[in-house]
Amino acid sequence: MLYKEGVHAVSEPVQITDKIERNRQELSRLAENHGMQDNQVLRQSMVLDELINEYNRFKYKSHLRNRQPIA
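Heads up, the working numbering is the position in the sequence shown plus 5, with the first residue counted as 1.
Read the hints as simulated data drawn from the structure, not as lab findings.
One or more of the hints may lead you astray.
To be verified - Restraint-style ranges between C-beta atoms, simulated for each label pair:
#1 Pro18 <-> Gln45: 39 to 47 Å
#2 Arg72 <-> His39: 38 to 46 Å
#3 Val19 <-> Leu47: 41 to 49 Å
#4 Glu37 <-> Asn71: 21 to 29 Å
#5 Arg72 <-> Val19: 17 to 25 Å
#6 Leu47 <-> Leu69: 14 to 22 Å
#7 Ile25 <-> His68: 17 to 25 Å
#8 Arg34 <-> Ile57: 17 to 25 Å
#9 Arg70 <-> Gln42: 38 to 46 Å
#10 Arg70 <-> Gln45: 34 to 42 Å
#11 Leu69 <-> Arg34: 30 to 38 Å
#12 Lys64 <-> Glu31: 16 to 24 Å
#13 Gln30 <-> Arg62: 17 to 25 Å
A quick note: this is a predicted structure, and the numbers were derived from the prediction, not measured.
Note that the Cβ used here is the ideal one computed from N, Cα and C, for glycine as well.
Required output: the full structure, derived from the provided sequences and hints.
As structure tokens, then:
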């Protein structure tokens with residue numbers, strides 16, 4: 006199943022978490038090389054934020070689909 010959230014398309018939460026980890030490492034590398042206030046670092050931070058938001062939306066929607074009705 007393919008889910009489209011934001012600017013990214015993923016088929017499983019594992020793919021999202023893999024993307025998050027790769028982008029987190031890239032953010033760390035950029036911050037180390039350019040400093041926290043560099044535009045590249047800020048842009049990468051925004052990309053990482055969007056991926057984390059995507060993961061949270063996916064998990065929330067999954068939670069809603071799996072809820073059991075009361076009574």
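Status of each hint after checking the structure:
1. Between Pro18 and Gln45, the C-beta spacing of about 28 Å breaks the proposed range 39 to 47 Å.
2. A hinted range of 38 to 46 Å for the beta carbons of Arg72 and His39 is consistent with their spacing of about 44 Å.
3. As the Cβ distance of Val19 to Leu47 is approximately 28 Å, the hint placing it in 41 to 49 Å is violated.
4. The hinted range of 21 to 29 Å is not satisfied by Glu37 and Asn71, whose Cβ atoms lie roughly 40 Å apart.
5. In this structure, Arg72 and Val19 meet the distance hint of 17 to 25 Å, their C-beta atoms being roughly 22 Å apart.
6. At about 33 Å, the CB distance of Leu47 to Leu69 disagrees with the hint of 14 to 22 Å.
7. Roughly 19 Å separates the CB atoms of Ile25 and His68, a value that falls within the hinted 17 to 25 Å.
8. At roughly 18 Å, the beta-carbon separation of Arg34 and Ile57 lies within the given 17 to 25 Å, and the hint holds.
9. In this structure, Arg70 and Gln42 meet the distance hint of 38 to 46 Å, their C-beta atoms being roughly 41 Å apart.
10. In this structure the hint that Arg70 and Gln45 lie 34 to 42 Å apart at CB holds, the actual value being about 38 Å.
11. Distance hint check for Leu69 and Arg34: the Cβ-Cβ separation is about 36 Å, which falls inside the suggested range of 30 to 38 Å.
12. Between Lys64 and Glu31 the Cβ separation comes to about 23 Å, which falls inside the hinted range of 16 to 24 Å.
13. Remark: the range hint 17 to 25 Å for Gln30 to Arg62 is upheld by a beta-carbon distance near 23 Å.
Checked against the numbered hints given earlier, the structure breaks hints 1, 3, 4, 6 and satisfies all the rest.
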